[in-house]
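*Asks:* Residues per chain, in single letters:
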Amino acid sequence: MKYILMMNGKRSDFEGYARSSKADLQANVAFMRAFSKELKDSGVFVASEGLGWPNDAKLVRAGNDGKPITDGVFPESKEFLAGYWIIDVENTEQAVTIAARLSRAPGAGGETGSMPVEVRQVLSSHSDLGL
Amino acid sequence: MNGQTPDTPIEHLLRELSPQALGVVARRFRDFSSAEDAMQEALLAAFRQWPREGIPENPRAWLIRVASRRMTDTVRSEVARRRRETAMTTEEEPTIEPADIETDMDPQDTLVLLFMCCHPALTTSSAIALTLRAVGGLTTAEIANAFMIPEATMAQRISRAKQSIKASKVPFRLPAPQGRRERLPAVLHVLYLIFSEGYASSIGIHLQRLDLAREAIRLTRGARGLLPEDAEVAGLLALMLLTDARRAARTGPHDELIPLDKQDRSLWDRAEITEGTNLLAVALAKGAVGLYQLQAAIAAVHDEAARPEETDWPQILALYELLQRVAPSPVVTLNHAIAVAMVHGPERGLERLRALDNDERLAGHYRLDAVRGHLLEMLGDFESAIQHYRTAAAKTTSLPEQNYLMTQAASLEEARRKNS
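Chains D and E supply the protein sequences, listed in that same order.
Everything in the first sequence is counted per the working numbering, starting at 1 for the first residue and increasing by one.
Everything in the second sequence is counted per the working numbering, starting at 132 for the first residue and increasing by one.
No lab work stands behind these hints: they were computed from the structure.
A hint or two may mislead.
[Said to hold, decoys possible] With a straight-line cut-off of 25 Å between C-alpha atoms, the simulated BS3-like cross-links for lysine-lysine are: (1) LYS37(D) x LYS2(D); (2) LYS393(E) x LYS22(D); (3) LYS37(D) x LYS22(D); (4) LYS10(D) x LYS22(D); (5) LYS549(E) x LYS22(D); (6) LYS58(D) x LYS78(D).
Just so we're clear, the structure is a prediction, and the values are computed from it rather than from any experiment.
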């Protein structure tokens with residue numbers, strides 16, 4: 001079963017991260033690398049991407065003529081996706097365990113974090129034949 | 132075959148032979164598109180059989196035979212279909228006799244393929260994919276892996292590229308000298324993009340990807356063999372070698388980017404530097420100096436300095452001035468500004484950057500902020516430098532660049548706190 005682990009943050013979270021000290025940055029990068037490697041080594045890694053920062057994020061909808069109408073003004077409370085991992089595991093429990101490990105990514109001052117990680121199941125494109 | 136272990140002898144052999152074999156089949160059947168599909172199937176068959184049964188005595192003939200058989204099957208079923216539809220009674224079926232195979236080889240075929248794959252009707256991403264498959268002898272799976280997109284997506288991209296070529300009705304032959312001159316820059320651009328994709332992605336956690344930089348060097352080496360008199364082909368190969376030479380030094384133990392002036396130069400690949408420098412010297416002597424030769428010359432000046440302080444910046448500045456005349460672009464102006472700063476001081480460099488403030492081609496691009504941050508740091512204005520580094524970090528689309536820029540900002544912040 002595939003799950004997506006999503007890391008979200010408000011604009012202020014991104015800005016806070018940009019102001020990290022050198023040691024905090026290094027610790028964070030090292031953690032993320034080790035985390036992805038661990039997923040690969042244990043054979044559950046499917047995909048992972050980090051997203052561009054939300055500065056230029058746009059909300060797009062089609063106008064009556066089908067042309068894009070874009071909106072870039074978001075409320076301060078809006079959460080943006082910062083990055084995701086897709087993993088292929090046996091059950092929800094495993095996905096949640098891995099998400100908790102991700103949640104411990106070190107924060108300011110090298111303290112163990114408890115960042116929220118959103119876990120959602122990825123739908124399969126195969127129909128269940130019940131075999 | 133899975134792109135994870137790109138260095139087995141069979142893979143090397145197939146990459147070298149498959150474009151040659153494809154040339155024979157495409158010319159014989161006068162159908163590049165189907166021949167290319169047939170060759171891909173022959174490649175996959177070779178990957179299945181050769182490791183088990185050993186490499187055939189004449190591997191190229193083997194590939195031609197298997198691909199031709201596939202082609203003949205396709206043609207037969209197509210003829211049968213048309214017969215049913217139009218009640219046709221006879222139609223010629225092209226076949227290849229084994230005896231023809233070796234006499235049918237034409238060394239120019241690979242060049243024909245290269246021009247075909249870099250056809251101006253194609254988008255650059257399709258031209259890159261098709262070039263890697265038809266000329267590079269790579270499988271769809273390997274190419275998809277290199278660009279980290281699903282194999283089915285890559286297969287579709289290649290198939291659409293071939294439809295465009297088919298629709299353009301270009302015959303399978305070398306363009307006339309005039310057309311060749313006009314279209315060569317597009318071919319070189321595709322090779323250059325394959326290299327820079329490989330160069331940019333050779334860092335990060337995606338360690339098991341096919342080495343596109345090496346593939347680009349191999350393809351450009353091949354192109355140089357086919358066009359030995361062309362100074363820009365040689366210039367491009369020199370540029371790739373002189374840049375690739377720094378590969379081992381440009382990232383640290385945690386894959387962090389290390390800028391040129393902080394690299395451990397003892398890690399630079401001397402053999403590549405020597406080969407690149409020699410190639411460049413011969414190319415420059417031919418007279419017509421182009422964009423790739425100039426960039427290679429700049430890379431060579433950097434590579435020749437044993438320590439960063441020994442870099443001949445006045446010469447680099449002169450080369451950027453030439454480059455601005457030959458191939459002006461905002462990125463060249465940015466690099467020129469750095470050279471100005473290194474020779475005449477950061478204020479003069481910052482002055483040059485102001486000319487780019489209203490350039491729409493750079494609007495929102497992180498490099499302008501990154502370079503401005505760098506020059507402000509040289510000037511000692513840490514506070515403004517930090518701001519620009521952070522703006523650049525928020526804009527860049529590359530994770531290692533982002534980490535590098537944020538680390539620069541953090542380092543300056545620490546230095547500033549210590550000073551105050």
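*Asks:* Each hint should be assessed against the structure and marked as holding or not.
*Replies:* Here is how each hint holds up against the structure:
1. Restraint check for LYS37(D) and LYS2(D): satisfied, since their Cα atoms lie roughly 18 Å apart, inside the 25 Å limit.
2. Taken as a hint, the LYS393(E) and LYS22(D) pair is honoured in the structure, with Cα atoms around 17 Å apart against an allowance of 25 Å.
3. Taking the CA atoms of LYS37(D) and LYS22(D), the gap is near 23 Å; set against the 25 Å cutoff, the hint holds.
4. The straight-line distance between the Cα atoms of LYS10(D) and LYS22(D) is roughly 22 Å, inside the 25 Å bound, and the hint therefore holds.
5. For a cut-off of 25 Å, the pair hint linking LYS549(E) to LYS22(D) stands: about 14 Å separates their Cα positions.
6. Restraint check for LYS58(D) and LYS78(D): the C-alpha separation of about 13 Å stays at or below 25 Å, so the hint holds.
The structure agrees with every numbered hint stated previously.
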